[in-house]
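> Now for the letters of each chain:
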Amino acid sequence: MTRQKPFLWKMVILAASLVFYGWWNWRFVFLLGTSITINWFCAKKISDESAKLENFLARRWMQTAVIANLSLLGVYKYYDFFVLEISNRLNQVGFDIGLPLLDLTLPIGISFFTFQAISYVIDVGREDIEPLPLLDFAVYLSFFPQLVAGPIVRASEMAPQMSTRSDPRYLQSATAYRLILGGLFKKVVISSYLADVIVQDVFANPSSYSSTDIMVGVYAYAIQIYADFSGYTDIAIGVALLLGFRFPQNFDSPYRAKSLQDFWHRWHITLSAWLRDYLYIPLGGSRGTRRRLYANLMLTMILGGLWHGNKGTFLVWGLIHGLALVVERIVSERINESQIRNPFSPRIWSLIRWMTTFHVVCLAWIFFRAPSVGDALTMLGGLFSFRFGTDLVTSTLLLVILGAIGMQFVSKEVREVFQAKTNEVSAPTQALLFALGLVFIDWLGPDGVAPFIYFQF
Amino acid sequence: MVDVSQEQPEKLGTPAGKVLAWGLLGLLLASFLNSKILLEEAQSKPLGRDRTLSIALWTPIEKVAGSLGLTRPQELIDGLLRGEKTGQPLGKLPDEDFESVVVEESAIHSQGLNTEKLNSDSNGSEQIGVLDEADNLSADPEVSPGPSSSNRLKLWILGDSMVQFFGETLVAYAESSDVIEAESESVLSSGLVRPDFYDWPTRVTEIMQDEDPDVVVMMFGGNDGQSMFVPPTAWYETFSNEWIEEYSRRVGEIMDLVSKGSNRLVMWVPQPPMKSEAFDDKMKRLNLIYEKEALKREQVYFVKISELFSDENGEYSKYLASNDGQTVDARLSDGVHLSSFGGQRLSRYLMNELGKIVDLSGGPETS
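Protein chains in written order, with our numbering: chain A, 4 to 460; chain H, 6 to 372.
Since the hints were derived computationally from the structure, they do not count as laboratory data. The beta carbon of each residue, even a glycine, is placed where N, CA and C say it ideally should be. Hints may contain errors.
Stated by the list, open to error - Within a straight-line C-alpha distance of at most 25 Å, the following computed SDA-like cross-link-like pairs (lysine to any residue) qualify:
# : chain 1 : residue 1 : chain 2 : residue 2
1 : H       : K68       : A       : F443
2 : H       : K323      : A       : N313
3 : H       : K159      : A       : D394
Said to hold, decoys possible - According to the in silico footprint, chain H covers these stretches of chain A (three or more CB under 8 Å from chain H):
# : stretch
4 : 98-110
5 : 203-215
6 : 430-436
Only chain H is shown next, with the shape it has when bound in the complex (with noise of 0.2 Å):
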């Protein structure tokens, strides 16, 4: 790299009023060439004001440069590196603004819950319920008969971020067993709500269809509180009751594309709790989706983690005792994801849970 503080200016440059204004040329001709996956950006952006004026920015210059050929060099090389996208489109996406929704309060209609309301949206939208213990039809699963070393489990774990703190060191504690075999896969800033960004539905699908695993370990929600739309054109605010309505149905959906017409078991592992009480509140919600989705379902089992991430409270805590009674931290600084101790304990704690269900006798100690 040069040493820019010892080369001698004099004469050697360009006029600054000449470098701004073909600078800006360049900037303009560079947005031209990209305006496809800029505006493709834009269209992925949460609901709000950020997306509105990025789309209305954006769209205009995409349209201009299509016609002028000008995005042609970035299809041909995108197709070159990336090949096909997979999953359903979505359907054009509205330039406009989104429909506005009308929210009716409608009581909630399912099998063993009771509704209770936990608080109020100022549009009076329909609050989740609250599950009567009772009705967990998965809480005591009859215990399987277990693999072997020569007939391992196969264990797949997946997700969005969150799962990346934890699921290797959950394939590790696997497989350091002679009976199972896993794999982890997480991608960042996927989840439910957005399939124009990550289609979990079709890789789900792929995953069950191509590696047949036994067990399935599920976490999502981190990215899902945020509006969804839905085509053709509707856009759901976040936790409105049509919100809520298709977010379980998306919930419900994977849940019995892995589990359904099988005997594989799904261990749904909910969003533990989280620093921004905004946030937390979300993340609390979500979860009750989860359970309620879960109990509906005899082979999915919703994996109650949030004691073992809170205080004596029950509130998010960075640090937590270890077993030899040493204070670790087991967040990472964001309030959110897992540190590397907190990894390990969610680990252990899934293993003791899928051993409850199936006997991994000569498995990993996981105390």
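Extracted from the complex, chain A is given alone in its bound form (with noise of 0.2 Å):
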């Protein structure tokens, strides 16, 4: 409702969201302070230099930035990782350089708020936007609902959102409270449920669990990890709602993929548009010869892969998904040049490649909650270890992870007739419904949750 007010509004907001931030640890405001500051004087000067005609400076102050906060990234999440490779690597061949380890804490949600942070200046640099007087910048970057965890909103999607006063008679909070309700069930009931029956155990000591048990508990983690994600973005883009802020949809059933580039099209929708739009096609993306473009392919899934960590599995995640982006386009051209009958239906035909899709992200996800190549590598083994039998599979079990794909399937036509009926419903009922949700999802939930997965990256 202070809205009304900008400035009062904005301030306290973006109080709200530093006190927020600062809750876990308060000296990590200062960081996102810096982070502010550095980038907002930047996008001014890039802006001035422009204006001016000084292209070329205008572009050293853009690199400035983007090196400022790869910096950042850099420094805490990926120093201590690049020096134990390279004094481990040279200590194999007897040298042994004494690089200082650094064993910095990292601070929540950098990688987020950074690729937003590297966004903005090249959005300004590129003159898609205007740059933003400092406390709109600040508010932005630091919003609370989506500073932890994403989504990666472009300052070009909410500027005009903090700009245009938004119509405090008309309030979407069916959606909202659909939204964070969904979130809660999926995070609290569904992710946590799966992670302490099964996904806990089998990748803790996959060598102790049968070929059923750790194919099923792969199944789990890909259900644990979409709930969880999925869960707390439904969470940020209700409370942004209610707000009065319309945040950009990150998932859109990525389970019910039949390419992997599909499933890029549903999974994290606004980390993939932010690689395909700042590092994709700047490289050149799929202009150029089809080598060129296999190989930025292939760069921007391992670096896709890094974002979210300096570990090993993380590389090799992202190496999975850009070779089987790869491999695809290869086979889809193919086909096409060489014009060969499919001998499938084309249900059939869907369904095998609905399947391949699904297979070839969870054999991905080993590696990505694997404590380490060697950890997943056992547990491929144990895969094809062909040991039947189960001690943790339980039909509740089953049950849930089944109902999970299938609500990837259930139609958009479907899901609007839901939402336009909720949305009838009167401001008390939906409180009621709210009320009602909250504890029936604390119910349910297990004791004591564990943190969100991205809240680490």
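Join these two chains into a complex; the hints should help.
This is the structure in structure tokens:
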């Protein structure tokens, strides 16, 4: 309601966001403040130099900002990893260089707000948006619903909503409540349940479990990470809606994808869009030779993997997705070129494509979740050891996994009908259902819930 | 998931004032319906202002909700989903501020201990003594006759969240032999100070009765550096005289629950060095209590592990050298829990230590 007084509203939101961020570690508020200051200043200089037609200087300021952001991320997230790798490799050949290790605590959400900052300065450099006033930019970068785990919102998406007052008579509360409850249910009930009953055990000690348990454990993890991450995103989008902001969608039933390309149009949509616009396309995208295209795809996915963390497992995860995208392109092109008649009926072919995509994604998740590449390979070994029987699989577990996958295939029309019906509900009924939903979720959930998976990135 | 960025908001929505008002009422209703659980969570918090404020907030709400019957649905569903809670009740926790405990200095009277003040607290509380190595009763236990594939040694690993990061690895190492069957059981956020949260003595009793293991590996302490409630009304401040005495009693009790009246061996794993100095100091104090109680009991073996996870100065180090000369991270980024490598290192060490006590010929290679 303070949106009638924009300055007051922005100050309140900024203060709330900084308190939210500082609650975990107050020292990192200064880090966030530094990022806000540097990026705002650089963007202003970019715009000033462009206005003076000093494009060379404008580019220099853009490069400075991007390097500053990547350096911040690099120091906190990757320095120790690369120093260790270099030291260990040199050690193997007899050189002991003794580079210092920093062992820094990773600020929560640093990958997200750094990427947002980079998108901002580049968009200003491309003249896609005007530089924002400092207060607006501070609110944009620190906005608490999406600060710690996305979605990665562009300044071009948020700035107009800050400058144009949303009509307080039309708050999409029904949608917001639906998203928040749905997100909580996915995180507190589904994700926690799957982690407790199978995922933690199987990934901690795969050699102790049968192929059946490992396979179901991998499927369970696929659902767990989807429920966890999309659950958080739903909550973030719902909270933003209550504050009068519309965030971009971040998940669109990713496990119904029938190709890896389609998967990346449905999973962590804002990250894949960021990688496309600020990495893949500047590298050349699909322009140029096929080899260049494949190299760009590989590099983009590998860097996308490393964005998640400094472990070899994330590198392999990105590698698997990159390879799969490349192979998919090659196969698709060859099929088109050869004009061979597809021996399968459209339905069977559709099922084959879906199963292949789902299992490639699950294969990559093994590396994403495993503590090390060695552990992931042990898991794969266990998976193909063909030891059957089960210690962990129950009918409830299977029901949850199948139910979660099944929900991915609920048609858009059915969802829209459901949404339309709930939108018609009166404000008191909305509040009552929201309250009952919160209580129900708390009762169903375990005692103590693990942090959101993507908070660690 | 609907793409809300594409929805047309005109004439679709509720006035913000109504949303705020009804939303707050909804949250209030949810608070009443859930007040019993929220009060229990408040009571389970460590002593301090947060706990006092939470209890002050939720107690009247829970009373009103109870009198209106609004807590009945939660009780019914809880009964359906979780069944009876195990463990001894603590009795009614005080709603008012805890009793202030007058702490007096007194000497530690225990066989074979030297008393030496480590540091002094502002209230002059008693310090935990430094142990005399010569009094380590279980330093050189006799090697027991070994198990066989037809008569396997039963190993049970239990404790708090630290066990989660090496327990399953130790199970894997142990079971890769033909002579051990193993189970790992870790309960996050648990310890010996808060039986109201998780009652380890009762659980340990159940395990000994139902499973009858031969060796029990135990690790506690990560969540025990907090004030302690002792029925009916006393709160003991952390590391006060009374706290040390009561905590020592609980440690001894759980050791006895495993070892007394049987041939069972207890391997007590202390806490490794911690990144946070304050937390490390607490863990070191707890480790002294564990070692002291272990020394009193022949069947309890205190496994010294600090050197496994320290740098050359004996301090916490995230990065350690592996056997092949590589530098590997042994701890997670929280500076507390063990990484995969750390868990493997500890598991190998524990297997080696077990092998010094029990003949595991045919057991796994642990070097």
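> State for each hint whether it applies.
The hints, checked one at a time:
Annotation: proposed proximity of H:K68 to A:F443 holds, straight-line Cα distance about 21 Å (limit 25 Å). Restraint check: the Cα-Cα separation between H:K323 and A:N313 comes to about 15 Å, which is no more than 25 Å; the hinted pair holds. With a C-alpha separation of about 19 Å, the suggested pairing of H:K159 with A:D394 holds against the 25 Å cut-off. Chain H is given as covering the stretch 98-110 of chain A, and this holds because 4 residues of the stretch bring a CB closer than 8 Å to a CB of that chain, at least three being needed.
Counting residues of the stretch 203-215 of chain A whose beta carbon lies closer than 8 Å to any beta carbon of chain H gives 6, which meets the minimum of three for the stated coverage. With 5 residues carrying a beta carbon less than 8 Å from a beta carbon of chain H, the stretch 430-436 of chain A meets the three-residue requirement, and the given coverage holds.
Violated hints: none; the structure is consistent with every hint.
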